[in-house]
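Take a look at the letters that make up each chain.
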Amino acid sequence: MSKPTTEMAATETSPSEVVPPLRQSLIARLARNRLSLVGAFLVAVAGFMALSAPFLPLADPNAVNTADRLADIGSPGHLLGADELGRYILSRLFWRARITLAVSLAATAIAMTVGTIMGLVSGYLLGWADTVISRVVDVLMAFPFFLLALSEIAILGPGLLNGMPAVALVNVPFFARIVRGTTLTLRESDFVLAARGMGAGHSRILFRHILLNSVSTLIIATTLNIGWMITAAAALSLLGLGVQPPTSDWGTMLASGRQYLSAPPHTSLLPGLVIFFTVLGFNLLGDGLRDALDPRMREV
Amino acid sequence: MSDQSPGKNPTTLPITAQEPLLEVRNLRTEFDTHGGVLHAVDDVSFSVNPGEVLGVVGESGSGKSVTALSIMGLIARPGRVAGDQIVLAGHGDLTTKTAAEMRKTRGDVISMIFQQPMTSLNPVFRIGWQIAEALQLHRNMTRTEATAQAVELLARVGIASPRQRVREFPHQLSGGMRQRVMIAMAMACAPQLLLADEPTTALDVSIQAQIINLLEELQKRLGLTFLFISHDLSVVRHIADRVAVMYLGQIVELADNARFYAHPMHPYSMALLSALPVPDPHVARNRIILKGDLPSPANLPQGCRFQSRCPYVTAKCGQASEPPLEEVAPGHQVRCWNLADIHAKS
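Chains as they are written, first to last, in this note's numbering: chain A, 1 to 300; chain B, 1 to 346.
None of these hints come from the bench; they were simulated from the model.
Be careful, since some hints might not be right.
Counterexamples of contact, computed for chain A against chain B with all Cβ distances above 10 Å [as the list claims (entries may be wrong)]:
#1 Ala44
#2 Pro61
#3 Glu84
#4 Val132
#5 Glu152
#6 His209
#7 Leu269
Covered, in the sense of this in silico footprint (three residues per stretch, anywhere, with C-beta under 8 Å from a C-beta of chain A), are these stretches of chain B [to be verified]:
#8 101-108
#9 133-143
What follows is a list of derived Cβ distance ranges for each label pair [as the list claims (entries may be wrong)]:
#10 His238/B <-> Asp291/A: 22 to 28 Å
#11 Gly61/B <-> Asp138/A: 52 to 58 Å
#12 Gly90/B <-> Arg32/A: 53 to 59 Å
#13 Arg167/B <-> Arg32/A: 19 to 25 Å
#14 Pro54/A <-> Glu101/B: 57 to 63 Å
#15 His343/B <-> Thr131/A: 56 to 62 Å
#16 Ala154/A <-> Thr96/B: 47 to 53 Å
#17 Leu105/A <-> His171/B: 30 to 36 Å
All values derive from a computational prediction rather than experimental measurement.
Backbone N, C-alpha and C fix where the C-beta goes; we use that ideal spot for every residue, glycine too.
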């Protein structure tokens, strides 16, 4: 970005100067925070792994090569070694990123949509609607999500598609609570009163004035939640209740390598590290986005 | 609305000549609290003529803002408006309108300028968007038309380079500019009645003067009708045609500007005016210092509400009935039992 670097004018300054404000792109604003850049990089790597897998000259992730069982990192032909069945770990990490990310993004999207609507409605309408929604949220919060996911799997049979809705459902309260909280504050704010004074109706106030003021909160909540969802999906798979063979995700890779930890730990270590860095990336990115998206934190 | 002649003439009383634009009859606004029903506004009646500025003064909690919000239909739970009528010329009784009808009225026929310019603009929208919103709501304009109109409105309220400013966010503007934006928003649909709720309270003194002058200029040029709420008696003296003094949810005195500032009748008004500094070193000020406490609005004394602080209090004030708001001269109403005694002394 070749913009002149005016230093942060944090205070309200110079209303008389009519220099048109420098419009910074979101990326430029994000780039001001180093850690969020690291986060964005980590997320980008995970996204790249998921998207590029079909186009890269990767070995078949499911091909079993008994000769290469538990091959070490850097062994000729397979950069990151092979697992207990001789499947190439590099190739598997790339291909499995797709399932892991798709499932956690979808689950987060469900939780966010449902939770946001519940939070907005209960925080804005109050009264009996709030009572009903808040009690439902309380019940969901009191529910250990693994228990819910496990009982769902017990009924529907193992599989990530059976487990993740339960995980998504249990994450609804997280969003509902956050959004209800911001809605409660915002509905009493002066600008909502001013909007009402201008003749704005409830839906306009709720879905424009209040929702858009909650976006920065929602974004950090969402990115944090994606991190949790990745761990939750991995955890379900680790227990053998998530993705079922022959498909697998990072969690099943971690699980299958677990039995060979004492020999070459990289079969578990590598998927574990990938999960760790991806989750870390989402969390750092969430923090950075919150700062970058808030118009009050933009340069004046 | 521009065909009506501005009835601005501080020396004669604007009575009977025109039909009032706004007539509030026995307005009563109550709030349910844990300690019982609280009457924030109790039996308030007044009218505002077209082109007139009615100043409403009173201390905090006297019901000024609640009166304005009641007219706007913005009293939310646990409050309710229980008055007789709020008649707006050409629009009938506002208290009988449905929520949807009131929504169409607000911002179009009546609009309000709020007290806190720093927080009354939505921080995540550009100011042009916010001004355009009113036009889109009431005038069915497209976004482009409304934004062009917003630029004009910003220019009209004295904001330099409005083309750039429409694209800015509220935090990029100073308090005075934000209040100008609020005024532009309130005026967007050319309302018949503007309720200004302490529009200058949150601003620096020098900016206050700018905003007051702007409002006055707009009022004269466009023949606007204002209900101007303030606790600043000098500001009201400057801008208002008539003045209403509120105390604990009631109007205690209502008179036209010149008469009120020259001969306040109610002991409360007298005390208020005696507190105004006079910019003349040779004039000795006879300040009337009010003693006693403001009674809790949830637990009012019997009789006159002002008795606990009135320097002229008599036994009659504690009687069962409240003094009525009586006309002592044409257009001059006062709520006091002892006017004859008080003003015979002086």
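Structure-based check of all given hints:
no.: 1; hint: Ala44; verdict: holds (27 Å)
no.: 2; hint: Pro61; verdict: holds (45 Å)
no.: 3; hint: Glu84; verdict: holds (53 Å)
no.: 4; hint: Val132; verdict: holds (18 Å)
no.: 5; hint: Glu152; verdict: holds (39 Å)
no.: 6; hint: His209; verdict: violated (6 Å)
no.: 7; hint: Leu269; verdict: holds (44 Å)
no.: 8; hint: 101-108; verdict: holds (count 6)
no.: 9; hint: 133-143; verdict: holds (count 4)
no.: 10; hint: His238/B <-> Asp291/A: 22 to 28 Å; verdict: violated (45 Å)
no.: 11; hint: Gly61/B <-> Asp138/A: 52 to 58 Å; verdict: violated (38 Å)
no.: 12; hint: Gly90/B <-> Arg32/A: 53 to 59 Å; verdict: holds (55 Å)
no.: 13; hint: Arg167/B <-> Arg32/A: 19 to 25 Å; verdict: holds (22 Å)
no.: 14; hint: Pro54/A <-> Glu101/B: 57 to 63 Å; verdict: holds (59 Å)
no.: 15; hint: His343/B <-> Thr131/A: 56 to 62 Å; verdict: holds (58 Å)
no.: 16; hint: Ala154/A <-> Thr96/B: 47 to 53 Å; verdict: violated (60 Å)
no.: 17; hint: Leu105/A <-> His171/B: 30 to 36 Å; verdict: holds (33 Å)
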